[in-house]
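> Please put together the full structure from these sequences, using the hints given.
So you can see what is in the structure, the chains are spelled out below.
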Amino acid sequence: MNAAAIAALRLLGGVILAGLVWEAAVVGFGIRPHLLPRLSEILAAFAVTPGAYWAGLQRTAAETLIGFAAGTAVGIMNGVIFFRAPLLRDMLLPVFIVSQTIPVIAFGALVVMWFGNTLFAKAVIAFYLTFFPVTVNTLLGLNSVDPRQVALLRSFGASPRQILFRLQLPMALPQIFVALRLGASLSLVGAIVGEWFGDNTGIGVLLLQAMYNESVVALWAAILCAALLGTGFYALVAWAERRIVFWGAEQ
Amino acid sequence: MGMPVSSSPSPLLELRGLSKRFGTVQALDGFGLDVQPGEFVTVVGPSGCGKSTLFNIVAGLDEPDDGGILRFKGRGCHAKELLGQVSFMPQRDLLLPWRNVVDNAILANEIEGASRREARAKALAMLPEFGLAGFETQYPHQLSGGMRQRVALMRTFLFERELMLLDEPFGALDALTRSMMQRWLLDVWQRHRRTILFITHDVDEAIFLGDRVVVMTARPGAVKLMRAVNLPRPRAPDLLTSPEFTAIKREVLDAIEEEAMKSFISGTAAPP
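For the record, the sequence lines run as chains B and Y.
If you count by this note's numbering, then the first sequence holds residues 11 to 261, one letter each, in order.
If you count by this note's numbering, then the second sequence holds residues 389 to 660, one letter each, in order.
In short, the hints are calculated from the structure, not lab data.
Among the hints, erroneous ones may be present.
[Unchecked claim] Covered stretches of chain Y (in silico footprint by chain B; criterion: 3 or more residues with CB under 8 angstroms from a CB of chain B, positions within the stretch not fixed):
no., region
1, 446–452
2, 466–474
3, 605–614
In this text, a Cβ means the ideal position worked out from N, Cα and C, and glycines have one as well.
Below, the structure is given as C-alpha cells:
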C-alpha cells in the first residue's frame, strides 16, 4: 500500500474517532441537545432529506468554484500586468487595497442589488475575496525571481514574453499557491455570505433556515456540510499544489 | 608588459579600450583583449576587479560606456547585438527546478525556436559525454552539485555558438571534483573546438586550462598581464608540478599579488 493510501486511512480513522468521542461525550455527560446534539441525530437529519443537503452542497460548490476560478485568472493577470507596468501598479494597487477594506457584507448587499438572487451574484462575491490575494502574491512571486536567472535567459536571446512564460510565471507558482490556499477558504465564505442576501438553495440558505426554525440539529447539519466543502476544496488545492509545484520552494 | 598580442588576421572577438562605470564605481577602464577562433583564454584577477562586468558586456547584458570598441567576427557592434550570439554560463548553474536534466539542457535551443524533439534527441546523445547517462529524467534537486554543473555546461555546449563564456563554472565544487571537471572540460573542448573565455579565481586552473592567461588589475579593471601558456596538450595532472608550469605560475602570481596589495591598501572599504 502506498503512503498516500495509508495517510488517507489514518485520516479516516481520526474522523471516526472524533465522531465517537462526540457521541460518547453527549451521552456520557448528559449534554442537553439544545447545546450540542448527538452526531447520530445530525446524520439522521441528512438521511431524512438528503436531497436538500445535496442540492445545497452542489449549489454552494458551484458558486465557490466559479468565483475562485475567475478570481485566480484575473488575479494572475493583474499580477502580470502590474509587474510589467509599474506605473499602472502604483496607480491601481492602492485602489484595490481600498476595495478590500469594504466589508464583504456591505459589498454583498450591493452585488445582490446589481445581479439579483442569482448564482452569478454569489460567484462575484467569491471572486471579490479571491482575486486580491492572488494579485498580490503573483506580483510578489514575479518580483522575487533571481535577476541572474533572467540575465541568463536574456543571454540566450529570449524575448520578454518567453522570459515570462518559461521562467517568471513558473517561478512565481509557489507564491501563487499560497494565495490559492487562502482563496479556497475565502471564496467559500463569500458564497455562503452571498446566499444570506436571498436564495432558495445553498449551504448559506440551510444555515439561515435552521436559525429561523431554531433547529439545532439542522444548524449542525449545515455546518457539517460547510466543513465538508471547505476541507474538500482546500485539500484539492493542496493536492494540485503538490502535483504542480513538486520541486517545492527550493530556490 | 606581458606578451605581444598575437597578430592573426581575424580575431573572433576584439575588445579595445572598454570602460564601464556604475554610478561612482569605475568597474572597467580601458580593457583590451583579442580572442582568436578556437582559443581557450582564461581570466584571473583579484575579487571585484570587473571580471563579471566584462562578461556581462560580452554576453550582451550590459552596454559598455562610449568610446570603447567591441568587434565580434570582425564587425563592430553594440553589446546588445550579442544577445543570443554567445553561449554564456554564469557562476551558479541556475537550472530550472521544474525541468528535468534533458529539458534543462535544451532550454537555450527551445528559446531560439528549435524543435523540442530534435533538441531532446541531440541532448540524449550527448548525455554520456557529460557523465549524465541514465539521469535524463532526474530533476535538479535530485542531483549533486557536480552533476548540476555538468547539466549547466551541457546547456552551454548545446547552444552552439562559436564563443563560450564560462564564469567560474567550477568555483563551488570541492577540489577533487573540480580537477576531474577541468580535465573533462579540456577533453570536451578538444573534441568540439569552441572558443572559450573562462573566468576563475584559481591560478592553477587558469594555467592548466588556458592557451593564454589574462591577469586583470584591481578595480578599475584593465589588463595587467597577458601570458601565453605554451604547454603541450593534451594536459595531464602531473603538469601542475612541472618546472614550466611553476615558472608561469610564479609570473602570474607575482602580477596578482601586486594587484591584490593595491586593492587591499586603496579600498579596504570598497565592496567587491
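> Each hint: holds or not?
Hints, one by one, checked against the model:
1. A stretch counts as covered by a chain when three or more of its residues have a beta carbon under 8 angstroms from one of that chain; for the region 446–452 of chain Y and chain B the count is 3, and the coverage holds.
2. A count of 4 residues in the region 466–474 of chain Y with a Cβ less than 8 angstroms from any Cβ of chain B is obtained; the coverage claim is therefore met, three being the minimum.
3. Note: the region 605–614 of chain Y has 0 residues with beta-carbon separation from chain B under 8 angstroms; the three-residue rule is not met and the coverage is violated.
In summary, the one numbered hint that this structure violates is 3.
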